[in-house]
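A.B. asks: Sequence:
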Amino acid sequence: MVYWSLSIEELFYLVWAPIILKGSRRTVFFFSIAPLVICPILRALAHTPSFGEAYGFLFRFDSLAAGGLVAMLLLAAGEGRLSARLLDRGLVMTTLCSSLSLFALSWYCGIFRKVEIRSTLAFSVFGYTLLAILCASLVGVCVRWSGSLSIFFRLLRSKPAVYLGTISYMLYLIHMPVYVFFQLMVLKYLGQSNALVLDMNNGLLVMLGVITALCTIAIAGLSWRYFEAPILQLKNRTFSVPIRRRPRQTTANAATL
Numbered sequence: 022m023v024y025w026s027l028s029i030e031e032l033f034y035l036v037w038a039p040i041i042l043k044g045s046r047r048t049v050f051f052f053s054i055a056p057l058v059i060c061p062i063l064r065a066l067a068h069t070p071s072f073g074e075a076y077g078f079l080f081r082f083d084s085l086a087a088g089g090l091v092a093m094l095l096l097a098a099g100e101g102r103l104s105a106r107l108l109d110r111g112l113v114m115t116t117l118c119s120s121l122s123l124f125a126l127s128w129y130c131g132i133f134r135k136v137e138i139r140s141t142l143a144f145s146v147f148g149y150t151l152l153a154i155l156c157a158s159l160v161g162v163c164v165r166w167s168g169s170l171s172i173f174f175r176l177l178r179s180k181p182a183v184y185l186g187t188i189s190y191m192l193y194l195i196h197m198p199v200y201v202f203f204q205l206m207v208l209k210y211l212g213q214s215n216a217l218v219l220d221m222n223n224g225l226l227v228m229l230g231v232i233t234a235l236c237t238i239a240i241a242g243l244s245w246r247y248f249e250a251p252i253l254q255l256k257n258r259t260f261s262v263p264i265r266r267r268p269r270q271t272t273a274n275a276a277t278l
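Taking the numbering used here, I'd label the letters of the sequence shown as residues 22 to 278.
Everything labelled a hint here was simulated from the structure, so no lab data went into it. All values derive from a computational prediction rather than experimental measurement. Each residue gets a CB set at the ideal place from its N, CA and C atoms; glycine is no exception. Check before you lean on any hint, since a few could be wrong.
[Unchecked claim] Computed spacing ranges between beta-carbons, pair by pair:
1. I252 <-> W25: 22 to 28 Å
2. L170 <-> N223: 26 to 32 Å
3. F202 <-> P70: 28 to 34 Å
4. F202 <-> V113: 40 to 46 Å
5. R106 <-> M228: 46 to 52 Å
6. G99 <-> S45: 31 to 37 Å
7. I252 <-> S179: 22 to 28 Å
8. A250 <-> T69: 25 to 31 Å
9. Y210 <-> S179: 32 to 38 Å
10. Y190 <-> R134: 31 to 37 Å
11. T48 <-> R139: 39 to 45 Å
12. A234 <-> R106: 38 to 44 Å
13. Y34 <-> G131: 33 to 39 Å
Whenever a hint applies, use it, and build me the whole structure from the sequences.
C.D. replies: Structure follows, in structure tokens:
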């Protein structure tokens, strides 16, 4: 299931928030860079063929730290402490280099030979960090060119894309359970003895994927409208706290005191 990543995310927030609130710029920068070096070493030491290290907080801290590093660079450019042109070139070069390196590493580890590359030591050590750097730099590129008139960025700003981004959190949470549900329904209809038919029938798999996608979007949309959005509206709401007023002292009581 996907929920292991949520635990890493929540633990990251618990550690990252005090660093951001109390640390200096140098401290934050150090804690953004250090995981990119430390996590690959930890994964190398803990690697097993079952790639269990791929799900641990200490082993995947670099994935979120890379995003924090890009956020710091964007903030520095916005405040004028970093050249915007230098940042743009750096993000583009990082995106290209990390994508090419990740492709070369995946090829070396045997992805085209249908090898589970996560079980290889090389991908465990370098692959996850390269993937984190690629995703973080790609997000940075999209932020910097968000106002571009190119077709790609216009598509990202389109209403369907924005809506999918709005409900993406719930999409991520429920897509796998929804897929498993419909897969079980299909297997129940075909019979357990015909389970191989599902794997070999590409048309049936495509139909299953389309139905899963549509149902997942529908459920996530309902969740956003009736559950998530109402809760998020409370974050800017001020709650009045009743103040207990002390009873007024009468003249007689005051004289007594």
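A.B. asks: Hints first: check each against the structure and report whether it holds.
C.D. replies: Consistency of the hints with the structure:
no.	hint	in the structure
1	I252 <-> W25: 22 to 28 Å	24 Å, holds
2	L170 <-> N223: 26 to 32 Å	38 Å, violated
3	F202 <-> P70: 28 to 34 Å	31 Å, holds
4	F202 <-> V113: 40 to 46 Å	42 Å, holds
5	R106 <-> M228: 46 to 52 Å	49 Å, holds
6	G99 <-> S45: 31 to 37 Å	19 Å, violated
7	I252 <-> S179: 22 to 28 Å	27 Å, holds
8	A250 <-> T69: 25 to 31 Å	42 Å, violated
9	Y210 <-> S179: 32 to 38 Å	37 Å, holds
10	Y190 <-> R134: 31 to 37 Å	35 Å, holds
11	T48 <-> R139: 39 to 45 Å	33 Å, violated
12	A234 <-> R106: 38 to 44 Å	40 Å, holds
13	Y34 <-> G131: 33 to 39 Å	36 Å, holds
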